[in-house]
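Chemist: These are the residues of each chain, in order.
Protein chains: 2
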Amino acid sequence: MAAKKISSFHPPQRVLMGPGPSNINPRVLAAMSLPVIGYMDPAFVDMMAELKTLLRYAFQTDNQLTYPISGPGSVGMESCFVNMVAPGDKVVVCRNGVFGGRMIENVERCKGTPIIVEGTWGEPVDPNAVEDALKKNPDARIVAFVHAETSTGCVSDAKTLAEVAHKHDCLTIVDAVTSLAGCPLKVKEWDLDAVYSASQKCLSCTPGLSPVTYSDRVIDYVTGRKDKVQSWFMDLNLILNYWGHTVRTYHHTAPINGLFALHEALLLLKEEGIENTWARHQRHYQALKAGFEAMGLKFLVKEEKDRLPQISTIMVPEGIDEAEVRSKLLSEFNVEIGAGLGPLAGKVWRFGLMGYTANSANVMLCLSALGSILSKMGYPVKVGEAEAAAHQSYANQHTSMAQKARSRS
Amino acid sequence: MAAKKISSFHPPQRVLMGPGPSNINPRVLAAMSLPVIGYMDPAFVDMMAELKTLLRYAFQTDNQLTYPISGPGSVGMESCFVNMVAPGDKVVVCRNGVFGGRMIENVERCKGTPIIVEGTWGEPVDPNAVEDALKKNPDARIVAFVHAETSTGCVSDAKTLAEVAHKHDCLTIVDAVTSLAGCPLKVKEWDLDAVYSASQKCLSCTPGLSPVTYSDRVIDYVTGRKDKVQSWFMDLNLILNYWGHTVRTYHHTAPINGLFALHEALLLLKEEGIENTWARHQRHYQALKAGFEAMGLKFLVKEEKDRLPQISTIMVPEGIDEAEVRSKLLSEFNVEIGAGLGPLAGKVWRFGLMGYTANSANVMLCLSALGSILSKMGYPVKVGEAEAAAHQSYANQHTSMAQKARSRS
Ligand SMILES: Cc1ncc(COP(=O)(O)O)c(C=O)c1O
Ligand SMILES: Cc1ncc(COP(=O)(O)O)c(C=O)c1O
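Protein sequences appear in the order of chains Y and H. Residue numbers for the first sequence follow full-length UniProt numbering, beginning at 1 and rising by one. Residue numbers for the second sequence follow full-length UniProt numbering, beginning at 1 and rising by one.
Bear in mind the hints are in silico, worked out from the structure with no lab data behind them. Do not rely on the hints blindly, as some may be mistaken.
For identical chains, the list gives no copy identity; a pair is met inside one copy or between any two copies.
Below are the SDA-like pairs computed for lysine to any residue, each with C-alpha atoms no more than 25 angstroms apart in a straight line [claimed, not checked]: (1) Lys-328 with Met-48; (2) Lys-4 with Ala-30; (3) Lys-376 with Pro-42; (4) Lys-5 with Tyr-57; (5) Lys-347 with Asp-41.
Model the full assembly from the supplied sequences, consistent with the hints where possible.
Modeler: Here's what the structure looks like:
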């Protein structure tokens, strides 16, 4: 067989309504394709300073050490663990989805001892269970949890969990990969210690960057460690020389174009205003939810208050081939949604409305595409009903906003 | 002080003649800014297959496991070490520059024992010294060396070093960050085991990706390891499920836009033909060298055969403020060159002609800018002499190529 001739790649145009990456604003794409400059260029160094300022705004913190790690969210996660967990350390890890499980893996590979607080997939982490674990393990040093579990669509109460941890003299490691910019995350007000995120979710930037922020407590601990951090690349003591101080020394080559893009994505967030961005995610989630409910579809996460607006996990109705639905959404409508992970594989779909993707056109496209596919597969849904419900939701929200505005003035 | 208002970043337009990143071909920049798609999208999966094929061509190998790691060259390096070095393993590491030193750090952090073969900065690694080390340490498992030392501009004889290693039953870890696509690197013919590179040097792609290739010997070793690789992110056993097999499962989110760019950069290499790319680097290096010599400047690497065409390390003439020269090149001519690293800091400049940057316009710009700056600083150079020498070099090369072509026909 002759080898296929390879030519330039032309990606199809997709609406990305899965668990990330989300669609990227053209302004961000344009920034990414600006000519590269050196990572020690004075112009680049100025941009790094702005990036840190913008990231502090996104995280709602004034932590000095707030910067983007040159790697995907998983590297952000591993960076927190390798720097903060020394061999033998006890770490309370809360698992109510896939990513809590990944945290456990990280603790083990750092030769720490994970104290696992098992939760139910689709329910928030239980602060009482964490308190119990800490009482039983007074020598635990760290509490680690996922703020927004992308695998279930459930949010946990990061503020309360951090309070419990600090009461027991523990530092916190918080996964904010999916929460950052999608729902309230207040690093300073909630007093979180090490928080990592990723670029491709509600920031709608190119995948491959992991914004992180560390409290001074974390820096004190890491700079005071006697043993060497097991990863050279992730060792904060070395990275501080590039991102932390004013005199910069070479550590590794920064992903320059990706950072151009992140700068622009964060600027868009700043321009919209983070509260407005949170509210936008809520608004479109409400409309999408109205549509799902009109179709008789059920959420995995039962309590409204526990649901993430940026990712809705929907139970696959009985008798429906879930993979076929996803594949038709993609091939017939160019809409990508997510499958279930781990024990939820085959049982749920995940619909993301993250960042730039969160708009009414996408809500409508998704509901009408899904309705059309499901009805052809024999699922009892009247085409048009879901869209009508979504429109009604937008209208109701509009009215209630107007009423609120009136009552304020 | 009021915070400065942040607006969109507009990078200056630079000619990148340092040790990388190099300038990026507009075709590659355009590819990078194409709309993002999902990392499990069938279209993306097809592109991944092409990427692997193109990377095999660049590495001159048919290794099955050849793929781009989602991180800079340093992550490529660390990935090789964490997967291949278990606690207690003896690893012969050759150090004749900065990056050999980084390899030693990696061995130590994997709790291996480095057997250091110290070399002279600016000279190639001595195969006899490696052989001696292996004779003294018959239980060594790995030999690690840098093919192209970016900190000195020196190339080592990878083929012979690999022969010595294999004679003593050792696997090889080879740093090809700067060599890939800039000078001959023949992974299959030279029988190299684990080879990592980076995207931002002679491939002239965006920084932040690390192409790697592993022989079956490496895969057998890693899949057969009883203990767990200390890094979750870099564990080849997990990554194989995404890049290695036909059924893909989620591991981490791939840097999609960066991979679009890498695909295009590798396609450009394929279109030019790798031998032609190597020859292009040689041709422009010869001209640049002629210009340097006309100015009376000296190379750190004495022997012509040991010099890397893609990076020339030049001794700073006595009495010249090296930092001022670099800063003027940047501010007056938009030309970035590199400073010396480690013990060479303040003593040398590094002039890169990597990938897309390697063309005659840049050679001429660099020589004329440098001549102008040096002469104003009182260094005895006649403006125009270096350029004339470079032109003469191009002309001579042209004649000798024509002669060769005639004698072949
Ligand atoms: C909650 C959470 N944590 C961590 C990650 C890992 O991020 P990445 O895929 O960028 O490595 C993800 C990615 O989906 C996530 O949703
Ligand atoms: C020989 C060599 N090895 C490793 C690296 C590290 O690559 P990166 O800076 O992309 O992490 C470099 C970068 O300059 C290099 O020149």
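Chemist: For each hint given before, does the structure comply? Return the numbers of the non-compliant ones in rising order.
Modeler: As far as the earlier hints go, not one is violated by this structure.
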